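Student: Residues per chain are reported as follows:
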Amino acid sequence: MQYAQLAWLIPLFPLLAFATIILTPIKHNKMLSSGLAILMMVFSWGLSWAIFFVDQKFLLHEMEARHPYSPAIDWLPTGTTVFQMSLLIDGLALAMLFMVPFVVTMIFIYSTGYHNLGTPNVEPRYSRFFAYVSLFAAGMLTLAISGNMLLFFIAWEIMGLCSYLLIGFWFEKGDEFGRLSPRLSALKAFLTTRVGDVLFFAGLMLLYAQVGTLNIHEALTHENIEAMKEASFGIAGLFAVPVLPMIALLIFGGAVGKSAQFPLHVWLPDAMAGPTPVSAMIHAATMVAAGVFLVARMLPLFEPLHGGSDHLMVVALIGAFTAFYASTIAVAQNDVKGVLAYSTISQLGYMIAALGLGGLVAGVFHMLTHAFFKALLFMASGSVIHGMEHGVHHLHGHGEHDEHKVHAEHGVAAEPKQHAHADDHHGHIDPQNMWNMGGLQKHMPITFWTFMIGGAALAGFPFITAGFWSKDEILGEAFHLWQKGEMMGGLVPLIVFVLLTLTAFLTAFYTGRQLGLTFFGAERTEEAKHAHESPPAMTIPLIVLSIFAILAGFANIPEGITIPGIPGHYLGHMLENVHLAANEEAYHGLPFDWRLALISVAGVGFMALGIFAYRGRASEPLKALGPLWTAMERKWYMDEIYQFLVIRPAVAFSQFLYKVDGSWLIDPMVNNVGKLGRNWGQASAWVDRNLVDGTVNLVGIIANESSEGLKRLQTGRIQNYLVILLGGLLFLAGLFFR
Amino acid sequence: MNQLGFPLLSILIFLPLLGAVVTSLLPWKYASRLSLVFAVVNFVLSLLVVGYFQRTAEFQFVERVSWITAFDNPDTPIPDPGFLIEYFLGVDGISLWMIPLTTLLSAIAIWFSSDSIREREKEYYAFMLLLETGMLGVFMALDLFLFFVFWEAVLIPMYFLIGVWGGKNRIYATIKFVLYTMAGSAFMLAAIMALGIFSVNLGQSGTIGYALDRLQDITPQLPPQTQLLLFLAFAVAYAIKVPLFPFHTWLPDAHVQAPTAGSVILAGILLKMGTYGYLRFAVPLFPAVALELAPIFATLAIIGILYGAWVAYAQRDMKSLVAYSSVSHLGFVVLGIFSLNNQGLSGAILQMVNHGLSTGALFLLVGMIYERRHTRDLEEFGGLWTRMPVFAAFFLITMLASVGLPGLNGFIGEFLTLIGAFAANPWWAAFATFGVVLAAVYMLHLFGKIMFGPLDNPENRTLSDLTRKEIMILVPLVALMVLIGVAPNLLLDPMQPSVEALVEVIQTGAAARLIP
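Chains A and B, in that order, are what the protein sequence lines are. According to our numbering, the first sequence is numbered sequentially starting from 1. According to our numbering, the second sequence is numbered sequentially starting from 1001.
Here chain A stands alone, though its shape is the one from the complex (with noise of 0.2 angstroms):
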């Protein structure tokens, strides 16, 4: 072990580039911060590779013997127990080390060339996306390598808060070309995300509940798995409910918002709102991964072996349907990011299908290779709109880049011509309809090449591309288990089967139509035909990733083929004994089978008519299919749907509520014990006035009355006193001498 003690440097490297992009005047200087952000990344990088490759015996050693390696800290101390801050560096977290920062720091470069550094057109807020995106990779790094779930927590949420930040990084935008604006679209990723957090912040709760300890290692034992089978969690003694799954379920909660499954899925299309470099890092190699490799470091809970549990069922079927689903979405969508976010979402249901079949490898594997070619396509897909936008630019004299500087730097100045300048839009089309695409091949090379590598990937053109393997082996296990008459007699498996053989058709088919509308054909606009490739800080990106898109599949070749110089079951020797510790077994590679194949064969097909019916096209053919086509590209109304069922009627609650605290009920009642309490007192004082007060006043008045009468006998005049005198004495006289 030389590296790995280091580990820990990992996240902080690109946390530092954060905080000194947002704390020191580096600000100021674009070129330093972009710099800084991207050096940082690079150690980081550099460093992950070198535990992956010096220290991986070592590791992979420790975790096969069942101690894996895992320092730990102590952090937050509450009576007698306390919680702890460790690292976790098995097999999965290598796994994770391999890629993400690889990734990650293509994406950097990438960014520079996106935000036009060095041109006059550079995005005003440079700085700051590097600050967050660093901030963003620090997250994705901590979530990889921690050994803690409460540690695994924090970065998980923190990786929510960048999100929310970047989705919404061009927060003066308002909505154009019918998408969300990126506040809204902001709110949106944050608040579905969090319903999810929340039920994963409930299964941890659950899970320290039961086992004592969130440090991985230790909580996922046989042990404790065995123990929480038998327990159940009782309600008020009424009736029991089984920990285990509750546990499993409510952890995968969190996975379903992150990883954008039915159905949280909502979030990630309208995500596009952020800049393209974004959308690579949410949708490849960060945060959905997350939720992917959530699942992955539980998968214990969910007993994934030998036919698995109940549980493990809920997460197959939602896995698949998931695929099949955003499948049909992305073939009816028209925006060229769009098509690519609803393909995440099938190709995450896919990689949660396999762990839910108990295939880690397998998900794993297809997270690896889909974080590769799916980086790739958005970036080239971004670098398509680049050049789109050059082209709108050429034409129309300002383009969104303009508008973003306009805002930020002229501010007062330029405010009169605003809103005139949203209206504009209008006046030009929008760059990232694929319908106003066509013939780009000619015009940005590169650009088609790397997608035409990322698209054949994605749709998994056989044998060549990384995507074939990792899909492959997702069927396999599903087919292997149907053939088993595993989990409910192999129905399970069988609808999972049937469903992502279905999905991988549309795929492939939704990949040709995107390829074919944007790159084919002639050119649908002036602006398409001014379009022009982008700078190297982005073609390179490209070019790299698109080699990784390819080769990332022999990272796992199956039993039964042999490629010379290369290691069959790379992947799967490195992760086997990742959970040998809870399930007391390693998992288990399939070998290869020529009968699955066929299926990527056929693939090549559904790509290949994608290309040729809508190479030139000027209007949609599946039109035909009508309500049901309308359905599709709307999302089967899932927006609507949410809108009717849950948004209005919390913001109606919220008003009613409000009411009710206010005007209706609560304020009311202490209102009215107020001007009860008043009345009595003016009650009190009508009283006190009248009846307490007239009693003192009328002895006063018959004190004063008979004063008016006395007072008449003083006269003053001594005769009258002598006169009344005398009638005294002689009455006194009277009275004595009777």
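There is no bait here: all hints are sound.
Simulated crosslink set (DSS-like; lysine-lysine; CA at most 27 angstroms straight-line):
hint : chain 1 : residue 1 : chain 2 : residue 2
1    : A       : K659      : B       : K1168
2    : B       : K1469     : A       : K27
3    : A       : K529      : A       : K442
4    : B       : K1122     : B       : K1029
5    : B       : K1469     : B       : K1029
6    : A       : K675      : B       : K1168
7    : A       : K659      : A       : K675
8    : A       : K484      : A       : K229
9    : B       : K1122     : B       : K1168
For the record, the hints were derived by calculation from the structure and aren't laboratory data. Everything numeric in this text was worked out from a predicted model, so none of it was measured.
Assemble chain B onto chain A, guided by the hints.
Tutor: Below, chain B alone, put in the same frame as chain A:
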């Protein structure tokens, strides 16, 4: 014990009082600076409490002298028990952090006011300092009579701060605030009186006395019914102060009408007097009743968490939104307290500090924007990030701390509270956890409305970013949010012995449950 050998706590309490007197005697133009000097000196002195605090459960920096006394005169034929009211101050792990929080927020509030208060400055600052005296007294007093004196003393300056320097509807708000609190206090006063009388027969001294340590010995001997009534009397007073649902409606009114500094103090410290009351008196004096009634209080707390959050979302007035968010956040504190276990109590105490920092900062931020635009209507704003990036950055961090984002203080408090609640009853935690989602809903709504979107209101186009002074006001608060989020141990560790002692008191109480 008093490790310092001089009456630090008394100095802390009465220095602001002296400041109030001096401020009101000298010409008005010095009022602002003079009071700030007193507040800052007091803050620095309060750091001594933190510096010299020892990690034990004992009361520290104790000052204890008899204050108002009357003893039996043997010459008279009728025996009279007499009474012994003590001047009894002390600090332990539960009150430790409330003291620097109080002095810090007071200094910040006074500093902020120098730009916003333009009339009757002398009186204003005198009242601010008086308020500080009262609050510090509340957190230090260990004799119930003395506590009650300070508790009521806090009302007077606040009454004037809202009533004189407040908004349009200030008279209504301030009277509501004072009357509501006093209605609750009346119950507490009755209970304190009753405890004093009970102490004659049950206690050792044979006199009427109100010191906490003596009363703690006698309360378990009282009949269950009496304990229940006394507990409820205390609990109502505190529930109104916290405020616990459904006693919360004075809060939005008071906050909306109060001047910014008043809101900061009100949310930052005054509300904690209620939760502190539970921790210091209601629960330790009647642990058995607290255990018995915990489900009721936890339920009210959870309703408060969810209800406060829902209602907050419906607000258009920023201050009112933050006020309702306080109802939600304080629900977490009460939930932690009535979890009655170590994690819950630690979380609650930490969350008291956290809420003071984040909500204090939120009110300051709202105040800063109000100073510029003289409106707090959310609909008036949008796209401010481009005009006021520094303001946006502070707002963002504060908002995130309030939402409970990991890495910032709010997360630790909520995490411990929820773990504690979970241990007490998983369902409490299950419901309360959804408060975390709702917090994100209203806070992000607030942030997005103000900061995101196009800058389309012409009046916002001339807004200036934060001044250096405003930044300096916010920096300590934000720095503490980050510090506590990263190293919560700094705060949690010193309070542990006291929390453990409290848990022990509760467990002893549990052994003697009232209703078997």
